[in-house]
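J.: Spelled out, the chains give:
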Amino acid sequence: MLKFAVRRLLLLIPILLGLSILVFVFVRALPGGPETALLGERSTPERAAQVRAAYGLDRPVYEQYASYMGKVVQGDFGVSIQTQRPVSEEIARRFPATVELALTAIFFAILVGIPLGFVAGRRPNSWVDNASTAGSLLGIAIPVFALGFLLKYVFAVKLGWLPGIGRQSATITTDHPTGFFVLDGILTGDFPAAWDAAKHLILPAVALGTIPLAIITRITRAAVQEVSSEDFVRTAEAKGMTRRVVTRRHILRNAMLPVVTIIGLQTGLLLSGAILTESVFSFGGMGSFMAQALFSRDFPVIQGGILFLAVVFVVVNLLVDISYGFIDPRVRTR
Amino acid sequence: MSINQLEAVETAVAHPEEAAGGLARDAVRRLLRSPTAIVGMVLIAIFVFVAVFAPVLAPYSPTDIDLTDLRPGVFPGPSAEHLLGLDQLGRDELSRIIYGARYSLLIGIVSLSMGALVGISLGLVAGAFGGWVDSVVMRLVDIMLAIPSLLLAIGIAALLGRSLTSVMIAIAVVNVPIFARLLRGSMLAQRQSDYALAARSLGVTRSRIVLRHVFPNSLAPVIVQGTLALATAIIEAAGLAYLGLGSPDPSVPEWGRMLAETNSFLASAPLLALWPGLAIVLSVMGFYLVGEALREALDPKLRR
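Heads up: the sequence lines are chains A and B, in that order. Under the numbering used here, think of the first position of the first sequence as 1, with each following residue one higher. Under the numbering used here, think of the first position of the second sequence as 1, with each following residue one higher.
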């Protein structure tokens, strides 16, 4: 098992190195280069040359890359051009928001998707099955930002039940020791603040969770249906075991293997790519931060941010692989 | 598209036992028997028809402005002259939706063909040569798959500047690793098959086996993915338009942009968000339904 995990971990190194080179070259290929982004309209050849020298952009690319990577391994991603603060600090400030949102979204998807997929798989062609199939299709076909608009319009504008913008009401001035707003409220004993932050999470999490919900429902349905027709289920039923025991021990346990994998992969995807949802709800996490950085050509942020998100993505995928080895012993021997 | 879904597609069509002609004929027959596939094909047919005959079908030009009823903050709703009402600049909404089909179709087809062409070439090279060529190509593909696809598309579109072309290139680049990985996986499975062994024992050259036998038999999952890629292209283009990365010309009636623009007056004219939203959902559903039905139809395990 350890060997399996270590081997998978070692395979990551060349991928991440290659990725860092790709991102590095990509940023330097931005039209006009980083110096134009910095100077904007006021750019003159002399000033551009000054900026290039200040940021070390006049040195050969491989030298720039070596010194950049030397700093990155120490956790130094440079300084953001927009905010003039270290990129690592900016990421540390915003990533908790993204984690909070992604975990809420995946929790919503699991809570609704697994029971729905289970019922649909146990009773194929029933109304539950047909409704869940149609619903999953709709969930995949709606652009996530359009769903965001819809939720915002109905629940924030028309009904006024839930807030549609930001992470917390502006009137709340609780400390944020962890950056996870709901947790912060609980830790500092300010429960109204925690409740306020939780309410702010609902609409974006539902919007973000729809695609994972659709996928989890479909995979659960397919897995339950497949396992239900296995010989060992028939044997268990023939032995006279109660429906509940068969369902729990034989069907659910075996059907959960692919579902656990897809949950892990979707979590990785949500952690790294909530750009549209965060923009619609002005959520202030990594996604909207990256979108802003791309538009303002904030190259230290683009470089560091993509690298950071990709690392999160591949590490989560690695954890999924390893956990799969735990759940299904056959994987380890491959 | 997650790696897991990719693998599902890869394994779905791993071992067609008969020649491509037989499987293809069989697949078409099964496709025509599936009600969801027929719904999907009807949706695609409507979409393509509207796109092709837009100038004939549209009652007005998508850029003509009718200022008679337009006042700030007032959005004339559906009427006899304008079936879906006027948009925020006094343009006929129905005509813009009809012309919008052209842009969605164009973005879908161009990005799919570019992405598939490069991806298939890479996959073919990797699958045909194996060894270090395979390792190099696949590591490159792994790197591309390590970047979340929307982030990659946004980065490329931002790098190339605001235009329809950069949207198409961005979506194409996202497609490249998916197609490369799929084809390569499928070819590896086919190379192990009995017919490849039989051909080799008959003395057929390696290049001929790969090009004439293995490659055509490996294409089934690629075809399925191609259909699904048209659906994701429409969704991704809409997302990029929302972020302001589409065409800079505001007169271009692109569904994603039309939908995104309604954000600022959603409360006063919710219908203007509904029409482009509906157009996107229905066209995406069409490609998705057909793609799913194709996957089942091309799966030899389900053949009778």
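One thing to keep in mind: the hints can contain errors.
What the hints assert, rightly or not - Heads up, incomplete: computed chain B residues facing chain A, CB under 10 Å, no partners named:
no., residue
1, 24
2, 26
3, 28
4, 154
5, 155
6, 156
7, 158
8, 235
9, 266
10, 281
These aren't lab readings, by the way, just hints derived from the structure by calculation. Where is the CB? At the ideal position from N, CA and C, for every residue including glycine.
J.: Determine for every hint whether it applies to the structure shown.
T.: Here is how each hint holds up against the structure:
| no. | hint | verdict |
| --- | --- | --- |
| 1 | 24 | violated (25 Å) |
| 2 | 26 | violated (23 Å) |
| 3 | 28 | violated (23 Å) |
| 4 | 154 | holds (6 Å) |
| 5 | 155 | holds (6 Å) |
| 6 | 156 | holds (8 Å) |
| 7 | 158 | holds (4 Å) |
| 8 | 235 | holds (5 Å) |
| 9 | 266 | holds (5 Å) |
| 10 | 281 | holds (5 Å) |
Checked against the numbered hints above, the structure violates hints 1, 2 and 3; every other hint is satisfied.
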